[in-house]
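Under the working numbering, the first residue of the sequence shown carries the number 5, and numbering increases by one thereafter.
Source of the hints: derived by calculation from the structure; they are not laboratory data. Worth double-checking, as some hints may not be accurate.
[Unchecked claim] As a list, the in silico DSSO-like pairs of lysine-lysine whose alpha-carbon atoms are at most 27 Å apart:
id : residue 1 : residue 2
1  : K155      : K119
2  : K138      : K119
3  : K138      : K39
4  : K155      : K138
5  : K8        : K164
6  : K155      : K108
7  : K138      : K108
8  : K108      : K119
9  : K108      : K164
10 : K119      : K8
11 : K39       : K8
12 : K164      : K138
[Unchecked claim] Across the chosen pairs, the derived CB separations fall in these ranges:
id : residue 1 : residue 2 : range
13 : F148      : D13       : 11 to 21 Å
14 : T9        : E116      : 26 to 36 Å
15 : D112      : E142      : 15 to 25 Å
16 : T72       : G139      : 49 to 59 Å
17 : E142      : K164      : 23 to 33 Å
18 : R40       : E68       : 12 to 22 Å
19 : A95       : T9        : 43 to 53 Å
20 : W150      : L26       : 26 to 36 Å
21 : G88       : K8        : 15 to 25 Å
22 : I76       : P21       : 12 to 22 Å
23 : E140      : A77       : 43 to 53 Å
Glycine residues also receive a C-beta, built at the ideal position from the N, C-alpha and C atoms.
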Amino acid sequence: MRTKTPLDDRLIELADPIADQLGFEIVRVRVMGGKRMRAQIMAERPDGTMSVEDCANLSRTLSETLETEDPIAGEYDLEVSSPGIDRPLTALAHFDRWSGYSAKLELDRLVEGRKRFSGVLTGIEDENVLMELKGEDETALIPFSWIADAKLVLTDALMKADLQARENAPAEQGSSSTP
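Full structure from sequences and hints, please.
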């Protein structure tokens with residue numbers, strides 16, 4: 005879920021070691037076309053924060069490697085950002101960290117006649133995501149490997165948690181999104 009294409013895979017292969025060295029986790033990589041290609045890299049610290057200075061530092065360091073390796077043909081823009089408040093969920097640990105918050109999932113297969121599910125995350129169990137689905141009495145157990153796309157839903161509770169995280173973050177961090 006962190007990547008979708010072979011080019012995304014190549015970028016994350018280059019970016020992961022650099023991010024790890026700087027103390028960041030790459031959340032997602034997407035290379036998007038248009039008039040000018042754009043390489044979007046979302047990252048965060050282990051505590052879920054990511055300041056503007058962190059983005060600039062990671063961008064500068066990644067740029068050096070990308071200039072040398074040249075994984076994208078032609079000109080492109082490198083965009084390094086935090087995942088944001090209604091962030092993508094791309095690792096099993098994210099579903100546990102964001103337990104209690106609303107999310108939307110899209111599966112890579114049909115389950116009970118549908119691929120899209122909305123509800124409240126309730127943690128993880130082994131390699132499965134637990135979720136209280138709208139209109140269901142029992143907690144759903146969704147294999148993480150079946151999830152093609154997932155993201156948090158912007159709610160009042162999520163905005164309140166984000167605001168509290170920003171207020172509690174050290175001044176030099178200038179954080180974003182964490183419960």
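Agreement of K155 and K108 with the hint, judged by alpha carbon distance not exceeding 27 Å: The given pair, whose Cα atoms are some 6 Å apart, holds under the 27 Å limit.
Pair hint K8 and K164, alpha-carbon separation not exceeding 27 Å: Given that 27 Å is the threshold and the Cα spacing comes to 31 Å, the pair is violated.
Proposed proximity, K138 with K155 (alpha carbon, max 27 Å): 16 Å, holds
15 to 25 Å as the expected CB spacing between K8 and G88, which holds or is violated: 18 Å, holds
C-beta pair D112, E142: status relative to the range 15 to 25 Å that was hinted: 23 Å, holds
Satisfaction of hint between K119 and K138, Cα-Cα up to 27 Å: Satisfied, since the Cα-Cα distance of roughly 14 Å is no more than 27 Å.
Pair hint outcome, K39 versus K8 [Cα-Cα no greater than 27 Å]: 20 Å, holds
F148 versus D13 beta-carbon gap, inside 11 to 21 Å or not: 19 Å, holds
Pairwise beta carbon distance, E140 to A77, judged against the given window 43 to 53 Å: Roughly 47 Å apart at Cβ, these two residues keep to the hinted range, so it holds.
Given pair status - K119, K108, alpha carbons within 27 Å: 11 Å, holds
Range agreement (Cβ of P21 with Cβ of I76, hint 12 to 22 Å): Holds: the Cβ-Cβ distance is about 18 Å, inside 12 to 22 Å.
27 Å limit on alpha-carbon distance, applied to hinted pair K138 and K39: 41 Å, violated
Hint compliance for this structure: hints 3, 5 and 19 are broken, all remaining hints hold.
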